[in-house]
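Respectively, the protein sequence lines represent chains A and B. Counting along the first sequence from 1, when you hit position 237 you're at 242 in this note's numbering, and nothing is skipped either side. Counting along the second sequence from 1, when you hit position 52 you're at 249 in this note's numbering, and nothing is skipped either side.
Read the hints as simulated data drawn from the structure, not as lab findings. We put the beta carbon where it would ideally sit given N, CA and C, even for glycine. One or more hints might be untrue.
Far from chain B by the CB rule (all over 10 Å, computed), these chain A residues [as the list claims (entries may be wrong)]: (1) PRO39; (2) GLN41; (3) THR100; (4) ARG108; (5) PHE111; (6) LEU123; (7) GLY124; (8) ILE134; (9) ARG202; (10) THR241.
The following label-pair restraints were derived from C-beta to C-beta distances [to be verified]: (11) B/THR483 to A/LEU140: 48 to 56 Å; (12) B/PHE525 to A/ALA133: 17 to 25 Å; (13) A/SER184 to B/TRP374: 57 to 65 Å; (14) B/PHE332 to A/LEU123: 47 to 55 Å; (15) B/VAL381 to A/ASN114: 58 to 66 Å; (16) A/LEU123 to B/GLN248: 38 to 46 Å; (17) B/GLY521 to A/SER67: 24 to 32 Å.
Some, not all, of what chain A presents toward chain B, calculated at C-beta under 8 Å [as the list claims (entries may be wrong)]: (18) LEU73; (19) GLY113; (20) LEU126.
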Amino acid sequence: MSAKKVAPMLELKKVGKSFGNVVALRDVDLEVYPGQVTCVLGDNGAGKSTLIKILSGVHKASEGEFTLNGEVTSFNSPRDAMAKGIATVFQDLATVPLMSVWRNFFLGNEPTKWWPWLGILDTKKAKAIAKAELLNMGIDLRDTNQAIGTLSGGERQAVAIARAVYFGANVLILDEPTSALGVRQSGIVLKYILAARERGVAVIFITHNPHHAHLVGDHFFLLNRGRMTARFQRETVHLDDLIQAMAGGAELDTLTHEISVIREG
Amino acid sequence: MTTPKLDERMGRVSFFTTALRRPEFGALIGALVIFTVFALVDTTGQFAQLQGAAGWTKFAAPVGIVSIFVALLMIAGEFDLSSGVMVGTAGLLMGNLVSEVGMGVWESMLVTMMFAAIVGLINGILVIRTGLPSFIVTLATFFVLKGVNLAVTKMLTGTVRVDGVDEGAGFEEARLWFATKIDVGTASFQISVVWWIGFTIFATWLLTRTTFGNWIFASGGDPNAARNAGVPVARTKITLFVLTSMSAALVGVMVLLELRGMQAGQGVGQEFYYIIAAAVGGTLLTGGAGSAIGASIGAAIMGFAAIGIPYALWDQDWVSTFLGVILFLAVFVNTILAKRASGARK
């Protein structure tokens, strides 16, 4: 268990968030380690979105402690979080479909030449870096001039991941990156999650799919009705445990039984 | 500069496909066809000559100058319907500053351009702050200015026209820059053509070679994704509203200096010419794609029609009908070409 000896890069202690009298999150503990994939599993309405928003700087936690590299922090904005090395890849809001791959790769962080204040794009450098960085992540594109909308959904997510890694993300938050994708496309994204992990990034993989989580995760946190209800380690967890825990164990057994009664009846 | 090794799969993209991908490609082909047709039906023998070029550029240049910036704004996902009336407002304001207030021509021009910038700023801030469609916000600005143009002009001059700019200090020098003619061979071209070409080059460079250009495409293509990537979407759009308004004001200044006066109704209706030129040139009405060259080609096509129809001795009343048909065909063909060329999966 060498993993436990490394200090967590990001840590939440008893974090809670309420909107008026609605409690969205309560007493959430989370540790995220560099070079490892931390999966946060939860069904619809479990509080995943609120958790992402706290991690990425959209919301501030109402209670608890947020530490980054051992220091207590709080973010004022997503830009602030980004500046501190926390990048978030949102499901469908990561890339601009009509723009070319290289323009998307550098969007918001364009490389310039001559005087920076003139804002003149160094297109040659941008294309070369985009191509090389994507290749590094194992994404082999014919032409970075093609519109990113012509790529498949999985490839687009992959470009967004490669971009976050290139711009120095220490913590990479992935919001349901596979939920809108088919089996093969999901496989592509999972591969790039591991590629980011290999490069020492602390990956937070938020999903409602225990199969996908089980394939790539090192640590598993289960979120249910705003609380962390269970946690597992890769070495000791089986896929069935995750599915059971997510569906609320006993509930799934009852459901399975009820369905089989209908089928046979 | 080492030539990068070509990926062997690059061979599949032919030169033709690359050309098809350019948003202004359809417009260019259309322009060539329309030019040829007007050259064939021409009864004066001048359409395809220098004289003809001087004629159609005289019409196309003032349309083109504003169209370029309207196109940039449309690529960023916004409209400016007040761009036409702004031509009139700027000319009237400058004319009144010279003839009624007694300011010099250059000073009044500076004030006019600053006023246009403020109108653009107000348009932009209202669109961003209220979240209302720019179509509505700038339509409101359009009508407000249209009324102001008429009411204030009548109030100050007692007529619907401002005269007497040519008595202002610096009038002749200003004309040299904005309303003179340049002789090329036997034809004499308007200096506005030089401005038009200059702005086409500048805007193309801005759009394709600068950080700001990247932001323009992103702001119109997907504002949420752009914001997530750290693009200042609001600032980009507001800047473009300011530039559009100022480009219209520049044309207003040119018209005023050229005609030595301004009608209160000047420019009204022109906003549609600008949008047509941008759309014919391959600018997507939903934002995210387009080009400055395309808008200029669109303006040139309008110039062809404005000169070609009377040269063919057809009734000039048909110009608008012709432009309507061209607008539909161009956008229809552009859409098909864009789909084909992007190789989009549905």
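Quick rundown of the hints versus the structure:
no. : hint                             : in the structure
1   : PRO39                            : 24 Å, holds
2   : GLN41                            : 25 Å, holds
3   : THR100                           : 6 Å, violated
4   : ARG108                           : 6 Å, violated
5   : PHE111                           : 7 Å, violated
6   : LEU123                           : 8 Å, violated
7   : GLY124                           : 4 Å, violated
8   : ILE134                           : 12 Å, holds
9   : ARG202                           : 22 Å, holds
10  : THR241                           : 36 Å, holds
11  : B/THR483 to A/LEU140: 48 to 56 Å : 33 Å, violated
12  : B/PHE525 to A/ALA133: 17 to 25 Å : 42 Å, violated
13  : A/SER184 to B/TRP374: 57 to 65 Å : 60 Å, holds
14  : B/PHE332 to A/LEU123: 47 to 55 Å : 33 Å, violated
15  : B/VAL381 to A/ASN114: 58 to 66 Å : 46 Å, violated
16  : A/LEU123 to B/GLN248: 38 to 46 Å : 41 Å, holds
17  : B/GLY521 to A/SER67: 24 to 32 Å  : 59 Å, violated
18  : LEU73                            : 19 Å, violated
19  : GLY113                           : 3 Å, holds
20  : LEU126                           : 5 Å, holds
The structure does not agree with the numbered hints 3, 4, 5, 6, 7, 11, 12, 14, 15, 17, 18 stated previously, though it agrees with the rest.
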